[in-house]
Amino acid sequence: MQDLIRRYGMGLTGLMCLIVAFWLLMLVIIPNITLFESSFRPYLPVTEIGGPRDTYSVNNYLKVFNGNIETSILGIPITVPVHVMTFTLTIWYSVVVTVLCFAFAYPVAYYMAKIANPRSLPTLMLLLFVPLWVSEVLRAFAWWIILAFKGPLNSLLLFIGAIDKPVRWITDYDAVMIGLVYTYILFMLFPLYNAISSLDTNQIEAAEDLGAPWWKIHWRIVLPHSKPGVASGAVMVFMLSAGSLLVPSILGSTTSQWFTQTIQQWMNDALDWNTASAYAFLLLFLCTVFVSVVMWIFRVKLSDIAK
Amino acid sequence: MSAGIDLENVCCDFGSFRAVDNANVSIKPGEFFSFLGPSGCGKTTILRMVSGFIEPTQGVIRIGGKDMRGQRPNQRPTALIFQNLALFPLMTIAENIGFGLEMRGVDKATRRAKAEELLRLVDLPGAGDKMVSQLSGGQKQRVAIARALAVEPQVMLLDEPLSALDLKLRQHMRAELRAIQKRTGVTFIYITHDQGEALAMSDRVGVMSHGRIQQIADPRDIYNNPVNGFVASFVGENNVFVGDLGTVSDGMASLSTPHGSFRARIGQGVSGKGVKLYVRPEHTIISDFAPAENGVHGTVQEVSFEGAFIAIHAVSDSGMKMVAELRNDGSAAIPSIGDQVWMGFDAQRAAILPDANTKG
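These protein sequence lines are chains X and D, in that order.
For reference, each letter of the first sequence is one residue, going 9 to 315 in my numbering.
For reference, each letter of the second sequence is one residue, going 305 to 664 in my numbering.
The set of hints was computed from the structure by calculation and includes no laboratory data.
Hints are supplied without guarantee of correctness; some may be wrong.
What the hints assert, rightly or not - Subject to a maximum C-alpha distance of 25 Å in a straight line, what follows is the list of computed DSS-like cross-link-like pairs (lysine-lysine):
no. : chain 1 : residue 1 : chain 2 : residue 2
1   : D       : 486       : D       : 332
2   : D       : 434       : X       : 224
3   : D       : 434       : X       : 309
4   : X       : 158       : X       : 173
5   : X       : 309       : X       : 173
6   : D       : 486       : D       : 472
7   : X       : 235       : X       : 224
8   : X       : 224       : D       : 625
9   : D       : 412       : D       : 434
10  : D       : 577       : D       : 625
11  : X       : 235       : D       : 332
12  : X       : 122       : X       : 235
To be verified - Ranges between beta-carbon positions, derived for each pair:
no. : chain 1 : residue 1 : chain 2 : residue 2 : range
13  : X       : 306       : D       : 387       : 30 to 36 Å
14  : X       : 144       : D       : 342       : 54 to 60 Å
15  : X       : 171       : D       : 376       : 35 to 41 Å
16  : X       : 172       : D       : 409       : 54 to 60 Å
17  : D       : 376       : X       : 306       : 42 to 48 Å
18  : D       : 328       : X       : 125       : 28 to 34 Å
19  : D       : 376       : X       : 257       : 46 to 52 Å
20  : D       : 409       : X       : 146       : 37 to 43 Å
Everything numeric in this text was worked out from a predicted model, so none of it was measured.
Glycine residues also receive a C-beta, built at the ideal position from the N, C-alpha and C atoms.
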């Protein structure tokens, strides 16, 4: 702080602090508090707001248990509330996205950190960053076009003879998975890259010299060292996927429903902001619990991630 | 179990740069062999070729008579000790030592027993459950040796492992390394730029410069009979006279220089003008009267007391700086600054040598 004042003067430092404080308070803290407060109040006509029926309760939160549907897990038929079902599928598919992102990002990160010629690294980085220059909406639509039933991907696969009839890609959660992996993979790649490049190459060579086959080098040396990177990448990809609205909306099919879409329906279609807020906090809270539990299982500390 | 190593016409190129040029050396089983040279001389490249991290561009490397071409480091009977040791910081000491055995599918109890045994060998009993970060530099050093010994290598390769230690510890570890090598009988190849280390520990030393092995000999020969000027100056101090070669007979030659005419032994491949004569400071004699031959008159400029010896820095009347080292045993009178003295040397103790061998 003293350093900032010395470098930029009192006026400029004060202005910067003020802007940050305004942003935090007015655009993050107060809206969240407002939503949190309204999530405990019923959805009422304007005239009744503040009236005798406007009391605090957890009824909005309990609405996730309304309306059952029949489904089956591993062939066993069960009945679950429809929104619990949506929530569970959202968490499940977000985990799938996280695992897929790791599977694709790890080899690339390892290649960039340990194998690629350092001189070609800026070019590689640029190639990875270029897609980010295009807006997320456009990228999702691009995938929508690519994956269309009569789209370029099917044409290409038919042309090279990999398939003999077109594949319906945008079905169930398939296209959502593809879109989410594509959108969030860099959030996995860069923490992984940072973690792996901080590993002393001699450690890899020492392991090889002591007789380790390549996969054991990764399992015993590279992965344990990169655990904080994996953890922070996984938390980011998981949270962003579970909270993503755009990709599931654009690339979703008639049978896919993301929990964020349910929130949006409460907010925009039912105009019930109170229930929408309750659902949003439910998502935030349960995702945080889920991440904490997973981190506890893998013995990752919060301080590791911050590194 | 130990194996010999043979390098036959080994070359290694990095792009257009030749890091190792036509190396030929035959290291005997159980030998302590050092490669000595300045940084960039190719000694580490040789080590990495023997361990399998680099393939030679040309030539053959044999370990125990077996051609190692195409063998990955994890398939060779070698164990490398890295300059920074490369211990695994996320494992305990016992896990570090047992790592090589774990990779060979040895069960946990056997690994643990072997780790304890090796920890006793390197004088660190009971340290098995500590983490790497809890050890001192010297202790880490021992763990690295134990980890390499655990896989029962036939050849141990050491890449300047003592360079990070302080002087006292380094001297102690020299003796320790030597003792471990004698006890285990494993062939050691030791890389260093520290001539004292190489001379004190090795059975034989290979001095390298510019990718070429200049001389292979036992430490005494390296120091007393260097084959060229590079070896002479890398493994010790010298007073160097430059001059033109005169008559040569019986391995002795005369050299006429601006500082006088001298007689000395002559090395192989020296001829013509501008050749160099090397004489060690401890073979340079200081006296009040002119010696029969090889004498230079001058003035003492500085006397520095080094403990075991006293270095006399003098400038000859012809303007050349010379150093003489006198043993601190009271046998010789120590001159003072400003004294007029004669400096000389025994013709048998000086040599006229060619420069370093750098040609292909």
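Hints, verified against the model:
1. 486/D to 332/D: Holds, at about 14 Å.
2. 434/D to 224/X: With a Cα-Cα distance of about 23 Å, the restraint between residue 434/D and residue 224/X holds, given a limit of 25 Å.
3. 434/D to 309/X: holds (22 Å)
4. 158/X to 173/X: Given pair residue 158/X, residue 173/X holds - Cα atoms ~11 Å apart, limit 25 Å.
5. 309/X to 173/X: Violated - the C-alpha atoms of residue 173/X and residue 309/X are around 49 Å apart, more than 25 Å.
6. 486/D to 472/D: Roughly 22 Å separates the two Cα atoms, so the pair holds.
7. 235/X to 224/X: holds (15 Å)
8. 224/X to 625/D: With Cα atoms ~60 Å apart, residue 224/X and residue 625/D exceed 25 Å; violated.
9. 412/D to 434/D: Holds, at about 17 Å.
10. 577/D to 625/D: OK: residue 577/D and residue 625/D at ~21 Å, within 25 Å.
11. 235/X to 332/D: Violated, because 45 Å separates the two Cα atoms, which is more than 25 Å.
12. 122/X to 235/X: holds (17 Å)
13. 306/X to 387/D: 30 to 36 Å: holds (34 Å)
14. 144/X to 342/D: 54 to 60 Å: holds (56 Å)
15. 171/X to 376/D: 35 to 41 Å: holds (40 Å)
16. 172/X to 409/D: 54 to 60 Å: Between residue 172/X and residue 409/D, where Cβ atoms are some 46 Å apart, the hint is violated.
17. 376/D to 306/X: 42 to 48 Å: violated (32 Å)
18. 328/D to 125/X: 28 to 34 Å: holds (33 Å)
19. 376/D to 257/X: 46 to 52 Å: Given a distance of about 51 Å, which is inside 46 to 52 Å, the answer is holds.
20. 409/D to 146/X: 37 to 43 Å: Since the Cβ atoms of residue 409/D and residue 146/X sit about 53 Å apart, the hinted range of 37 to 43 Å is violated.
Of the numbered hints listed earlier, those contradicted by the structure are 5, 8, 11, 16, 17, 20.
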